[in-house]
Amino acid sequence: MSISPVTIVCYLLGISAVVGLNAVILVWLERKVAGHMHFRYGPMEVGPHGLLQTLADGIKLLGKQFLVPDAADRPLFLLAPVVSLVPIFVAMVPLPLGETLQAWELNIGLLLVVALGLLNTLGILLAGWGSNNKYALLGGSRAVAQILAYKIPLLLCILTIIMMAGSYSLRQIALAQKDGWYILYQPLLFIIYIVTITLETNRSPFDFSEAESELVAGFHIEYSAMGFSLFFLAEYSYMFIAAALASILFLGGWQGPFLPGPVWSLLKLYGIIFLLMWFRWTFPRLRIDQMLHLGWKILLPLALVNFLVTAGVLAL
Amino acid sequence: MNGYRYLAGIVTGSVSLLKGMRVTFANMVSRPHTVQWPRQTAPLPARFRGHIRMLADEETGFPRCFACGSCARICPSACITVQGRKPGDRKKKVAVRFLLDFTKCSLCGLCVESCPARALAFSRDYALAGYRDTEFRTMDLLEGLASPFQF
Amino acid sequence: MFASFVHTVYTLAFATILLLVVGGALLAVTARNLIHCFFGLVGALLGVAGLYYNLGSPLLAVMQVMIYIGAVCVAIAFGLTLTRKQGEEGMRPLDIKAAIPVVLVVAMLSATLKSLAGREIVASARKIDESRIGWMLLGDYLLPFELISILLTVAVIGAVTIALINRRI
Ligand code: SF4
Ligand code: SF4
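Chains as they are written, first to last, in our numbering: chain A, 1 to 316; chain B, 1 to 151; chain C, 1 to 169.
Hints are not guaranteed to be accurate.
Coverage of chain A stretches by chain B, computed from C-beta distances (three or more under 8 angstroms per stretch; other residues unrestricted) [unchecked claim]: (1) 34 to 48; (2) 278 to 284.
Facing chain A, according to a computed beta carbon distance under 10 angstroms, are these residues of chain B, among others [as the list claims (entries may be wrong)]: (3) Met28; (4) Val29; (5) Arg31.
Since the hints were derived computationally from the structure, they do not count as laboratory data. Just so you know, these numbers come straight off a predicted model, no measurement behind them. By construction, the Cβ of each residue, glycine as well, lies at the ideal position given by its N, Cα and C atoms.
Using the sequences and the hints, build the whole thing.
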């Protein structure tokens, strides 16, 4: 299993390109979707239909000053955006986006991606605590309460899929759906999974740690310039990863008729991301106790029953 | 019974969520209401009230105002300053100075209604901008109109 | 030349892992700020995951991240965010009881080292099939596995009971 450093550097460059481009496109798409759902246009001025708006915003952010508050816990404050972003580079490694488009086929790929996805909360907690700001701290502690509510249903979903496919490898799981996507067998599980990834990516109606109407900006309230952009990058990259995982687990990954694999991958992936955006601009934010109720009393039992029934059916 | 309520709650909840999503999707595919100003302009309503303007006499091209001062008196905000002079060959005076303090005008329209000469009307200017308030403190409404007095 | 470069990179990576484990552990026990202790612990556990990977078991490494960081540390963090005085209480001076774990650890370490002394240590490059671990846990080692589960359950019930007793008083 020796990989030459050159390959590693190439992978890193490729993944950085995906992370950057994805964020540029998603921020634009989000603003467009939001706009049109409000009978507006969204950005229109920079580039055709505002396509270059995110780039312009990014350059603006680059030119701004990165401030560290005096009372902040300096090492934690500086570490937080990095902790949010770094796991992404690892989590993207085993994602297969095409028949041959995969950085590294790993037999425990699914576990790796899920485990690293959970690290995002640590970044939020670090930021919340390091900022020494009451809103940030509240945002951080909410993120922790949130992860406790969705983690178990999420793992149960994944466990069910692993049981059906008989493998942890994302590639094998996708290949196992050659004759029928798992969404056809497991529609309920798909819905549970989509809800949990909405929770995982901290998006409305579950954006408790950001909650601009309650906590101003939540955990990243003290971050300016590049610190803020790194959180933004991380947020949209986690969306990418979560949606890619959903497309692989339930929609057969890159497989589909006529079009080449990567195109199918991206279509499914961005379809799911659109679904998440649709949620965000439709549903108002829940109260935190409603979220806990949803996680523990609805998602968990449903996922558990679904898991047991699937196990029973598979055993027959 | 409780179990039934629990399941029914999930189902009705999901249905109502789907209804909400249908609404926003319909919004998304319908035409945006935004008017992309300044590339597009929305049609102004017929009775739109911009700042008042002075009308010209059709024959002479002079201001129709004969400086009776009725508008200046009735204006609740004392926005109007008017002065007139009698040209040699005519009986009526003609305004030589008509200043509007648009910073105080409430667009009430009393001046327009009170004018015996029907010399005032609302303009349709809305894109007004300036660097200092003085530009709107003394707007010269006679600008661009002919005058019987050649200085 | 190239091989030596790769070697350097791997050595550096290993050094980073060691630094993470030792530094994190030291931070966890010496830092005066609770949250610094917490992140020291996270670093140490992350480093241990790196060690597992280095020993040829990516599965164990990922499980380490998922369970220890994703679950245990998050549970600790949940408790931390609910504490009243966030790390402002200074540490109490060490009393004699602190010597007990030190003695125990030293004894265990020396015993381990002694048993290893004189043996040749060979890195095992043999890849273990993950499914074999599963079969072992549900076959030969079923009894210990279940006993541990019971232990955990008892611990959880005990914790809940203690919390309830305190609440009533
Ligand atoms: S519209 Fe009203 S406030 Fe404005 S100048 Fe005429 S009378 Fe005065
Ligand atoms: S009321 Fe009419 S005529 Fe009289 S001063 Fe005003 S604008 Fe001139």
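Hints, one by one, checked against the model:
1. 34 to 48: holds (count 8)
2. 278 to 284: holds (count 5)
3. Met28: holds, 4 angstroms
4. Val29: The hint holds - B/Val29 has a Cβ within 10 angstroms of chain A, the shortest such distance being about 8 angstroms.
5. Arg31: holds, 8 angstroms
In the structure shown, no violation is registered for any of the earlier numbered hints.
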